[in-house]
Every structure is written in structure tokens, then in C-alpha cells.
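**Student:** Sequence:
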Amino acid sequence: FLMEKLREILSDPEFGVELIAPLSGRTDVDLLKDIDNQLHAAHFGIVDISSRSPNVYIEAGVLIGLGKPVIVIQDEAKEAALPFNIGSQFTVSYTVEQGEKPVFEGLEKDLRAGVEAILKSYPSVRRAPRWKAEGFVDA
Numbered sequence: 004f005l006m007e008k009l010r011e012i013l014s015d016p017e018f019g020v021e022l023i024a025p026l027s028g029r030t031d032v033d034l035l036k037d038i039d040n041q042l043h044a045a046h047f048g049i050v051d052i053s054s055r056s057p058n059v060y061i062e063a064g065v066l067i068g069l070g071k072p073v074i075v076i077q078d079e080a081k082e083a084a085l086p087f088n089i090g091s092q093f094t095v096s097y098t099v100e101q102g103e104k105p106v107f108e109g110l111e112k113d114l115r116a117g118v119e120a121i122l123k124s125y126p127s128v129r130r131a132p133r134w135k136a137e138g139f140v141d142a
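Note that the sequence shown covers residues 4 to 142 in our numbering.
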């Protein structure tokens, strides 16, 4: 459900961002090569560290090492101190209200602020082609 919510927020015509999740956007049989290609092609990254999965930290580190902006998101119920190497990144905390369809309180407003900050601070991201349902179009 989190991916659906992120996709909903980012597909707003104001942003025109295509969300690519590493496992859903595969184009190569070698998963690590595929993830590396996706990280290099991305204009910026959003990493959810709620699960404390080591591979997510590695992906965040690769993005930071490539000089790409990163937005860190995490579920407040699982919140812990951020490691120093990602603690300086734009961070969004959210809460999940369980129900038939979970509600992610605090996510939309703060994520929008993070994407807006990236678009303002990184002109190359602002000039990148925008995503629309029919594909990429020039900005």
C-alpha cells in the first residue's frame, strides 16, 4: 500500500515523477546489476528505512555517493536514530493507520515538501523529462 501512496503523490502533474521500485522495474536477469543501473539512471531516490534492511542503506549510500538527492522515509512506530551517513538527508516520518486500506498520516505533505526542495535545489532534476501516464514528455 505504501508504494501505491507514493505513486499517487509523485504522479501529480506538478512533479511528473515516475516511481520505479527496484523489483518492479527489472530489465536484467542479474538483480544487482539491474538495481545498479536503476540507481545510476534515477534523478533522485526515496528510501524507506522502516524495515532496517541493509540493502536499503546500501542503495541510499550509492545514491548519495553518486551525488543524487535522497528522501528518507520511515514509519514512526519503527523509528530509531538515523545512521550518521544518512541523517543529513531530507527525512519524512509517517504513521500508519490500519484499516481496509492503510492511511499514511504525515506522508503526503512532507514528501511533497521534499520533492519540491529537490526540484528547487537541483535544476537538472527540474529540467528532466516529466512522466505522464503515456510516458515521458519534455519539461
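No wet-lab data here; the hints were simulated from the structure.
Keep in mind that a hint or two might mislead.
Below 27 angstroms or equal to it, Euclidean Cα-Cα: the simulated DSS-like pairs (lysine-lysine) are [what the hints assert, rightly or not]:
(1) Lys36 to Lys123
(2) Lys123 to Lys8
(3) Lys112 to Lys8
(4) Lys123 to Lys112
(5) Lys112 to Lys81
(6) Lys81 to Lys71
(7) Lys81 to Lys36
(8) Lys71 to Lys104
(9) Lys123 to Lys104
(10) Lys36 to Lys112
(11) Lys8 to Lys104
(12) Lys81 to Lys123
**Student:** Evaluate each hint against the coordinates.
**Tutor:** Against the structure, the hints:
Between Lys36 and Lys123, the direct Cα distance comes to roughly 31 angstroms. Violation of the 27 angstroms bound is thereby established for this hinted pair. Proposed proximity of Lys123 and Lys8 is supported: the alpha carbons are some 23 angstroms apart, at most 27 angstroms. This hinted pair checks out: Lys112 and Lys8 have alpha carbons roughly 12 angstroms apart, not beyond 27 angstroms. For the hint pairing Lys123 with Lys112, the CA-to-CA distance comes to about 17 angstroms; that is within 27 angstroms, so the pair holds.
Of the supplied pair hints, the one linking Lys112 and Lys81 holds, its CA atoms being roughly 20 angstroms apart against a limit of 27 angstroms. Annotation: proposed proximity of Lys81 to Lys71 holds, straight-line Cα distance about 26 angstroms (limit 27 angstroms). For the proposed pair Lys81 and Lys36, the alpha carbon gap of about 30 angstroms is over 27 angstroms, so the pair is violated. Distance check on the hinted pair: Lys71 and Lys104 sit about 32 angstroms apart at the alpha-carbon level, beyond 27 angstroms; violated.
Restraint check: the Cα-Cα separation between Lys123 and Lys104 comes to about 33 angstroms, which exceeds 27 angstroms; the hinted pair is violated. At most 27 angstroms may separate the alpha-carbon atoms for a hinted pair to count; Lys36 and Lys112 exceed this at roughly 34 angstroms. Restraint check for Lys8 and Lys104: satisfied, since their Cα atoms lie roughly 10 angstroms apart, inside the 27 angstroms limit. Note on Lys81 and Lys123: the hinted pairing is violated, with a Cα-Cα distance of about 30 angstroms set against a maximum of 27 angstroms.
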